[in-house]
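*Asks:* One letter stands for each residue in the lines below.
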Amino acid sequence: MAQNRIADLLAGRRPVAHHRPWPRYEVDAATWDAVGQGLAAGATLLGLWGDADAVHAAVTAPALDAPCIVSLAVRAGVFPSLGRHHPPAIRLERTICDLYGFAATDAPDTRRWLDHGAWRLRAPLGDKSPAAPRDPTDYDFRPVHGEGLHQIPVGPVHAGIIEPGHFRFTANGEIVARLEERLGYVHKGIDGLLTGCELDKAARIAARVSGDATVAASFAFARAVEAALGIAVPRRAESLRGVMAELERIANHLGDIGAICNDAAFALLHAHTGILREKVLAASDRAFGHRLMMDLIVPGGVARDIDAEGARAIIATLDDIAPRFAEIVAYYDETPSLQDRTCTTGIVAPELVTRWGAGGHVGRASGRDFDARRDLAYPPYTGLTFKVPVLTTGDVDARVRVRIAEVETSMTLLRTWLAALPNGPVRVDVPQSREVREGIAVTEAFRGDLLVWLRVADGRIARCHVRDASWFQWPLLEAAIEGNIVADFPLCNKSFNCSYSGHDL
Amino acid sequence: MRTLLLKSLFARPVTLAAPSAADVELEQAGRALEERARRLFGRAITIREVDAGSCNGCELEIHALNNAVYDVERFGIRFAASPRHCDVLMVTGPVTHNMKVALERTYAATPAPKWVVAVGDCGCGCGVFEGSYAVVGAVDKVIPVDLQIKGCPPRPIDLLKGLIALMEKATVAP
Chain A
51 MAQNRIADLL
61 AGRRPVAHHR
71 PWPRYEVDAA
81 TWDAVGQGLA
91 AGATLLGLWG
101 DADAVHAAVT
111 APALDAPCIV
121 SLAVRAGVFP
131 SLGRHHPPAI
141 RLERTICDLY
151 GFAATDAPDT
161 RRWLDHGAWR
171 LRAPLGDKSP
181 AAPRDPTDYD
191 FRPVHGEGLH
201 QIPVGPVHAG
211 IIEPGHFRFT
221 ANGEIVARLE
231 ERLGYVHKGI
241 DGLLTGCELD
251 KAARIAARVS
261 GDATVAASFA
271 FARAVEAALG
281 IAVPRRAESL
291 RGVMAELERI
301 ANHLGDIGAI
311 CNDAAFALLH
321 AHTGILREKV
331 LAASDRAFGH
341 RLMMDLIVPG
351 GVARDIDAEG
361 ARAIIATLDD
371 IAPRFAEIVA
381 YYDETPSLQD
391 RTCTTGIVAP
401 ELVTRWGAGG
411 HVGRASGRDF
421 DARRDLAYPP
431 YTGLTFKVPV
441 LTTGDVDARV
451 RVRIAEVETS
461 MTLLRTWLAA
471 LPNGPVRVDV
481 PQSREVREGI
491 AVTEAFRGDL
501 LVWLRVADGR
511 IARCHVRDAS
521 WFQWPLLEAA
531 IEGNIVADFP
541 LCNKSFNCSY
551 SGHDL
Chain B
809 MRTLLLKSLF
819 ARPVTLAAPS
829 AADVELEQAG
839 RALEERARRL
849 FGRAITIREV
859 DAGSCNGCEL
869 EIHALNNAVY
879 DVERFGIRFA
889 ASPRHCDVLM
899 VTGPVTHNMK
909 VALERTYAAT
919 PAPKWVVAVG
929 DCGCGCGVFE
939 GSYAVVGAVD
949 KVIPVDLQIK
959 GCPPRPIDLL
969 KGLIALMEKA
979 TVAP
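Read top to bottom, the protein sequences are chains A and B.
Mapping of the first sequence onto our numbering: residues 51 to 555, in sequence order.
Mapping of the second sequence onto our numbering: residues 809 to 982, in sequence order.
Honestly, the hints are just simulated from the structure, not real lab data.
It cannot be assumed that every hint is accurate.
Per label pair, the in silico range of CB-to-CB distance [said to hold, decoys possible]:
#1 R362(A) <-> S816(B): 22 to 30 Å
#2 R465(A) <-> P919(B): 50 to 58 Å
#3 S890(B) <-> Q201(A): 17 to 25 Å
#4 A852(B) <-> P71(A): 55 to 63 Å
Chain B side only, calculated, beta carbon under 8 Å to chain A, not exhaustive [as the list claims (entries may be wrong)]:
#5 L817
#6 P821
#7 V822
#8 G861
#9 N864
#10 H871
#11 N875
#12 H905
#13 V909
#14 V943
A virtual CB, placed ideally from N, CA and C, is assigned to each residue, including glycine.
Using the sequences and the hints, build the whole thing.
*Replies:* Printed below as a string of structure tokens:
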């Protein structure tokens with residue numbers, strides 16, 4: 051019922067023309083606010099981004115046939131806050147305000163988010179007015195009061211070979227009372243760079259939103275362009291895209307499973323998974339000519355075909371790593387000292403993942419049964435039946451086990467496609483369209499659903515927004531660490547492995 | 809569990825197994841680096857990695873230097889947690905405006921003699937992020953760079969070769 055609210059609001063409305071595949075509705079401020087209430091009542095926010103004179107929200111709910119986009123024209127630089135109804139919208143709203151200079155009416159948090167005061171201009175995607183630099187450390191962390199509390203500031207430069215971000219821990223002895231994140235350090239202005247960009251170059255930028263999910267981002271970008279321009283991709287290209295996406299998933303999960311064990315001071319499994327990851331990257335390199343398979347999925351198909359030898363190299367690698375991986379999993383299972391660290395550590399409540407619409411292993415380890423490959427099915431996953439692991443304990447251990455099961459599913463999918471690769475071309479030309487066309491696509495990256503929305507005109511991107519799964523996972527990390535010891539933070543953080551670059555854009 | 813341990817005990821190291829042309833190249837590259845590092849630093853060099861704005865692709869490949877296949881520690885190269893403990897800063901980019909101060913402070917915290925290696929097409933140039941309001945640009949626009957290792961991202965073997973090139977440069981003019 052409550053979830054029907056958004057469906058009822060939009061029933062009978064005419065979507066805007068040339069927006070594919072899901073409908074986009076232009077709504078007034080009252081409806082926008084009602085959508086916020088619908089989100090609070092149980093619908094899921096898929097994305098929220100700004101435009102030259104509008105804000106767009108992608109939402110989904112069980113009562114809707116498909117996700118939809120609602121757009122509100124921004125008048126006099128203000129729009130009603132969705133965040134006041136639905137907290138997952140808050141950071142996205144702060145981002146819109148930083149980039150466009152809009153103000154969200156009644157927003158619960160008006161602090162700047164990506165704008166650290168170093169750009170020398172305000173609203174870089176809006177009026178671009180000059181601004182004096184501010185002290186980057188001048189940021190109001192939420193106050194914490196209480197006896198015996200102390201703060202531990204960490205970052206932006208961290209101790210490992212990882213991305214930068216700031217974590218402000220408030221601890222009572224060893225126990226974390228609150229973690230507050232401050233992100234935005236690797237903001238590269240991707241939305242701005244994509245605006246007015248030619249499709250080829252835009253695809254290269256989209257591939258570099260987050261290097262570890264380069265295939266998934268290129269995949270979503272290509273599908274959004276194809277949706278906008280009505281391009282049908284050759285079947286062989288569809289299968290090869292799936293092959294790349296699953297190779298990327300396996301490589302990342304292998305790396306992370308090992309790194310989680312390593313953060314529990316169990317280096318042996320890290321060493322073993324590291325070898326397996328290297329084998330997968332080497333096979334990807336042999337088959338596609340790039341270890342991370344960057345820039346290979348392009349609008350219209352894939353940039354490079356594989357030969358029989360490449361396909362054989364992947365299968366041989368799977369044959370090689372499958373039994374070794376089983377041994378690693380058995381070792382994890384039979385090591386109580388390791389599970390003592392991972393079990394009951396960093397629990398995320400099911401209500402939180404549902405509310406935040408957290409995708410990937412973060413959602414599925416806490417009972418959210420969602421996988422874009424199945425629930426927003428796209429080629430080559432359409433019509434396939436595969437296992438989507440869902441657990442309910444929501445701790446580090448559950449996230450490890452979801453990843454383990456996903457590696458196994460990915461290996462099965464790879465074998466299915468490689469055993470029967472369709473023949474034929476792998477790329478079609480991208481037609482030029484003088485008219486404005488809009489497209490949206492979601493792919494399942496290794497860390498969760500990744501959304502790309504774009505508007506093209508005259509062979510150029512008029513506006514493009516990439517929303518990484520991390521947006522709806524980072525806030526839950528703050529919840530996961532609460533009540534845990536400080537020393538378990540690396541363990542929790544790695545079990546999420548959110549992207550800084552994918553979030554900061 | 810026991811089988812994995814036993815196998816690990818008796819298995820040949822993955823690093824040395826079945827040397828193909830690429831593995832031989834890696835072995836020679838690593839040994840040459842060790843000799844120069846010893847001349848300079850006695851036994852080893854320590855690297856602090858700083859992500860000043862990268863997409864994290866370079867980080868994945870820098871990470872790979874530590875796995876059992878590339879295993880840079882056997883050549884005396886190790887990564888440190890603090891800039892105060894390192895000889896070399898390995899910086900990926902493009903340097904964002906939001907990371908500029910942090911990078912400058914990390915450089916200032918590194919004791920001399922120190923060397924800076926810019927990694928990746930973005931760290932060496934600005935890559936696809938050229939022209940953005942949010943980026944300063946290549947690493948050398950913020951701190952002096954001694955060596956550039958290009959690639960998007962550079963392969964681990966290229967990173968290792970690059971470190972050797974740095975040592976050659978460092979022994980001539982510290």
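*Asks:* Does the nearest C-beta of chain A fall within a distance shorter than 8 Å of the C-beta of V909(B)?
*Replies:* The hint holds - V909(B) has a Cβ within 8 Å of chain A, the shortest such distance being about 6 Å.
*Asks:* Return the status of the interface hint for G861(B): holds when the least beta-carbon distance to chain A is below 8 Å, violated otherwise.
*Replies:* 5 Å, holds
*Asks:* Does P821(B) meet its interface restraint, that is, does its C-beta lie within less than 8 Å of any C-beta in chain A?
*Replies:* 10 Å, violated
*Asks:* For the hint on V822(B), just tell me whether its beta-carbon gets within less than 8 Å of chain A.
*Replies:* 5 Å, holds
*Asks:* Are H905(B) and chain A close enough, Cβ to Cβ, to be under 8 Å, as the hint says?
*Replies:* 4 Å, holds
*Asks:* Go ahead and decide if the range 22 to 30 Å is satisfied by the Cβ distance of R362(A) to S816(B).
*Replies:* 28 Å, holds
*Asks:* Close enough to count: is the Cβ of N875(B) nearer than 8 Å to one in chain A?
*Replies:* Holds - the Cβ of N875(B) comes within 8 Å of chain A, reaching about 4 Å at its closest.
*Asks:* If you take the shortest Cβ to Cβ gap from V943(B) to chain A, is it below 8 Å?
*Replies:* At 6 Å from the nearest chain A Cβ, V943(B) passes the 8 Å test, so the hint holds.
*Asks:* Between the beta carbons of A852(B) and P71(A), is the distance compatible with 55 to 63 Å?
*Replies:* Holds, at about 56 Å.
*Asks:* Quick check on a hinted range of 17 to 25 Å for S890(B) and Q201(A), using CB atoms only.
*Replies:* 20 Å, holds
*Asks:* Check the following: the C-beta atoms of R465(A) and P919(B) are separated by a distance inside 50 to 58 Å.
*Replies:* The hinted range 50 to 58 Å holds for R465(A) and P919(B), with Cβ atoms some 53 Å apart.
*Asks:* Holds or violated: the hint that N864(B) contacts chain A, with Cβ atoms closer than 8 Å.
*Replies:* It holds, given that the least Cβ distance between N864(B) and chain A is near 4 Å, below 8 Å.
Of the numbered hints given earlier, the model fails hints 5 and 6; all others are met.
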